[in-house]
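Colleague: What follows is each chain in one-letter form.
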Amino acid sequence: MAATGHNAAAEAKAQGTGLKVIAILAVLTLVEYAIAVTIGKGPMLVTLLTVAALAKTWLILQYFMHLPKLWNPDGGH
Amino acid sequence: MRPLINALVLGIAGFAFGAGATGLFRVAVLGREWWSTDLSWSMGYPFALIGWVMGIGGWKYWGRGWFGLPVAPYETTGWRRYLDWNIDHKVIGIQYIVTFVVIFLLSGLTVLLVRLELMRAGMQILTEDQYNAAMSFHGITMVAVAVAILLGGFGNYVVPLMLGARDMAFPNLNSLSYWLTPPVAVLLLIAVAMGGWDSGWTAYPPLSVVNKSGQTLFNLAVFTFGLVSILGGINFIVTIAYERAAGLTWGRLPIFVWGALSASLISFFFTQGFAAALLMVLFDRVLDTSFFDFKNEGSALLYEHVFWFYSHPAVYVMVLPGFAIILEILAHFSRKPLFAYRWVVGAFLGIVALSGVVWAHHMFTSGMADYLHAPFLVLTEMISIPTGIIFLAGLGTIWAGKLWLRTPMLFALSVLFNFTIGGITGIFLADVPTDLHLHDTYFVVAHFHYTIVGGEIFALMAAVYYWFPKITGRMYNETLGKLHFWIMFIGFQLVFIPMFEVGVQGMNRRVADYPAEYNGLNTWITLAALFLGSSFVFFAWNMAMSWVRGPIAEANPWHARTLEWQTSSPPPIHNFDEDPVITGNPYDYGQPRAAAHARLGAAPAAGDSA
Amino acid sequence: MAVASAPAHAEHGHGSTHSRIPINRMGIWLFFFSDALLFAMLAASRFYLTGTERPHELNQALGLGITSVLLLSSLTAYRAETAFEHGNVAHGRAMLLATILMGAAFAIGVGFEWSIAHWVPSDPFGTAFFSMTGMHALHVVSGVLFLIVVYVRAGKGHFPVGNTWAVTSMVMYWHFVDVVWVFFYPTLYLV
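Residue numbers (our numbering), protein chains in the order written: chain A, 1 to 77; chain B, 78 to 687; chain C, 688 to 878.
Simulated from the structure, these hints should not be mistaken for laboratory data.
Cβ coordinates follow ideal geometry from the N, Cα and C atoms, glycine included.
Careful, some of the hints might be misleading.
Stated by the list, open to error - So the derived list for chain B, only partly shown, Cβ under 7 angstroms to chain C, looks like this:
id	residue
1	A246
2	L304
3	I307
4	I311
5	Y319
6	A323
7	Q349
8	F360
9	L364
10	T366
11	S367
12	F368
13	N373
14	L379
15	E458
Unchecked claim - Derived BS3-like pairs: lysine-lysine, alpha-carbon spacing no greater than 30 angstroms straight-line:
id	chain 1	residue 1	chain 2	residue 2
16	B	K137	A	K41
17	C	K843	B	K137
18	C	K843	A	K69
19	C	K843	A	K13
The whole structure should be built from the sequences, with the hints applied where relevant.
Modeller: So this is what it looks like as structure tokens:
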């Protein structure tokens with residue numbers, strides 16, 4: 001974290017991370033939708049959707065909500 | 078008084094806004110009548126609550142800061158700060174203790190009404206509806222007292238002192254938690270005035286979905302109380318994690334801090350269950366959903382699962398701080414180190430974990446799937462292992478100790494006695510075969526009173542007498558204290574031992590009338606209840622008089638080693654004149670070479686008086 | 688909420704010896720966890736009441752649309768937070784505004800879904816659907832209100848570099864609301 005004024009390079013790097021994460025999230029969402037229309041109802045679908053939702057949650061918690069800062073306050077991007 | 082008036086005015090205005098807007102919508106859009114008791118209360122109350130909290134000082138001292146506006150400074154002296162938004166954990170602790178002691182006494186009076194009605198078969202002084210209202214009111218208010226008074230009251234007052242902190246981690250949140258409780262009490266009283274509700278404190282559907290509107294107010298009140306519990310739990314967890322004084326490692330924490338932490342973890346993890354259950358009942362009542370309406374494929378069993386998922390762990394929110402307090406007191410008044418400290422900590426955490434997987438033992442006769450009976454039987458009985466460890470630690474602590482039998486110690490010892498009975502009778506209810514006979518009889522009533530009253534309220538009394546000199550700066554009257562103890566202790570046994578018998582004979586709980594063959598025992602129980610109730614006259618008199626003109630107490634009248642006794646009575650506004658440094662264990666009594674628990678500034682090592 | 692609680696108190700709290708940010712951070716995470724349990728209870732009762740059946744055909748285009756909007760608003764919220772942390776207030780405010788607008792769009796989308804729903808609340812799926820989306824929408828609307836406050840305050844220069852906890856905490860709240868929808872979307876639309 002830059003504590004002293006504008007640090008353009010660091011900011012650009014952090015914003016780039018955001019773009020990568022949202023791209024994966026978007027792909028996962030489309031995959032969810034696609035398997036739901038193709039596979040049809042059943043335990044297989046529930047399992048796959050759960051896996052996808054957990055993956056999305058991990059991405060958001062890890063990169064958007066900075067979960068690791070909870071035990072490592074000075075870490076992060 | 079000004080904050081209270083502001084709060085009331087804003088609260089009523091908020092209610093008028095919420096209920097009025099809803100009424101307008103109903104008239105203009107739906108073309109119905111503007112007032113519908115269930116819906117109007119449900120929509121008016123949240124705004125009333127916001128108005129109340131902001132009026133009492135939430136806006137003036139806290140909310141303005143959210144918008145970048147300057148906030149007002151807090152009062153630091155005078156009795157007015159007890160009727161105002163204040164962030165000092167000692168003020169909030171006293172607010173909790175006084176409020177809930179008053180509710181406790183009120184609720185006790187209510188149950189005397191219930192007992193008088195039950196003195197003979199047939200109906201004498203109450204109607205059936207009044208009986209239901211009184212019994213339900215007693216149930217929920219006592220549950221609230223049991224959940225809040227040890228953690229909210231003594232936890233708030235003592236935990237930061239024991240940690241050597243200057244305050245809780247979130248002082249404003251702490252004040253918010255307290256000021257959410259008066260609306261709960263007001264709402265419950267209005268509910269009683271509206272004719273009460275007849276579903277007890279458990280609010281089982283389908284009854285709770287179709288009964289009188291008092292039920293809606295009950296749900297709103299208890300939902301608010303759940304919020305109090307969760308916010309308080311979060312505050313304790315963060316405080317204990319972050320606000321420990323230098324050198325206060327986890328292994329040196331006084332056991333009461335561990336008890337408060339365990340109870341906070343439980344209320345933090347599970348209270349949402351109760352909130353969700355009550356919210357679903359509310360949805361069923363006002364939004365016409367059918368979570369529990371079997372006509373529309375809803376399921377009343379769903380409620381019992383969600384409800385007990387919280388409400389069984391809740392009993393550990395009640396008793397764990399109680400256990401922790403009596404272990405404190407047993408160690409200090411036996412002048413011995415606490416026996417098996419690490420095992421006790423493990424047992425507390427074990428209870429936290431196990432408490433979440435035993436809920437369905439309340440449902441053995443509810444018609445849930447048969448395959449669930451055996452696992453819940455086994456898990457429930459497993460919880461007696463950590464409980465037993467705590468109990469043995471208590472016995473090990475007093476073993477060969479030099480017992481100092483002052484009032485707090487008497488109460489602490491009585492908990493060991495009472496909880497033995499409460500624990501052993503619990504086995505009959507955890508076992509499916511015996512529970513099928515005993516379920517919903519007075520055996521259950523006697524059992525949970527032995528655990529909650531015998532385990533927690535006796536510990537509460539121990540705590541009141543133990544910390545009274547610290548909190549008020551004055552000493553209570555020992556003679557009156559002992560008188561209170563003996564009447565309460567004997568009266569308690571006389572009330573609840575016969576209740577086991579009348580339960581085994583098959584008398585149902587929660588009913589206003591019963592077959593005449595139970596007359597004899599019930600008359601006895603009612604007379605004993607009056608005797609038990611009389612003990613609180615001595616308690617109230619002792620507390621009121623001693624607080625006003627008891628002899629001035631020393632800083633450390635019990636010669637205890639823990640940190641809260643190493644500062645003046647009552648403590649100064651920031652608790653310690655200099656930040657304490659922790660150098661040893663809290664309970665090393667009679668250990669000639671043990672380091673003192675704490676060092677305060679340059680002063681000589683304190684708490685080494687054993 | 689555990690935000691911006693105690694500048695006045697910091698002097699006689701431990702503010703002088705350690706930063707309040709880790710304390711606030713732990714508090715807000717505990718709040719999220721606790722709130723998540725309420726949503727989990729609602730989701731669990733949806734499966735308890737109707738199993739993995741979905742008796743009604745939902746408007747899939749609308750579902751995917753509002754889900755995408757909410758997901759995208761998490762990105763703008765992230766960009767806003769990052770910009771504020773680096774002192775880039777103008778970009779941060781623009782991204783906050785985008786987040787607010789997308790949040791409002793999501794809420795309107797849910798409202799539209801309610802208006803075209805051809806099932807009633809007393810139907811078991813309707814029970815789950817209306818209570819889950821309703822409770823979530825309540826969080827979205829409150830999140831939008833919080834973000835508006837942050838947006839206005841940011842315009843007054845209240846959040847210079849090093850003092851952006853209010854932005855961070857509200858953005859975290861926004862992500863939390865998104866995470867809830869990550870589970871609710873498949874639970875209601877796809878299963």
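Colleague: All hints are to be evaluated individually against the structure, with a verdict given for each.
Modeller: To see whether the hints hold, each was checked on the structure:
no.	hint	result
1	A246	holds, 5 angstroms
2	L304	violated, 10 angstroms
3	I307	holds, 5 angstroms
4	I311	holds, 4 angstroms
5	Y319	holds, 5 angstroms
6	A323	violated, 9 angstroms
7	Q349	holds, 4 angstroms
8	F360	holds, 5 angstroms
9	L364	holds, 6 angstroms
10	T366	holds, 4 angstroms
11	S367	holds, 5 angstroms
12	F368	holds, 6 angstroms
13	N373	holds, 5 angstroms
14	L379	holds, 5 angstroms
15	E458	violated, 26 angstroms
16	B:K137 - A:K41	violated, 55 angstroms
17	C:K843 - B:K137	holds, 21 angstroms
18	C:K843 - A:K69	holds, 28 angstroms
19	C:K843 - A:K13	holds, 27 angstroms
The structure shown violates the earlier hints numbered 2, 6, 15, 16.
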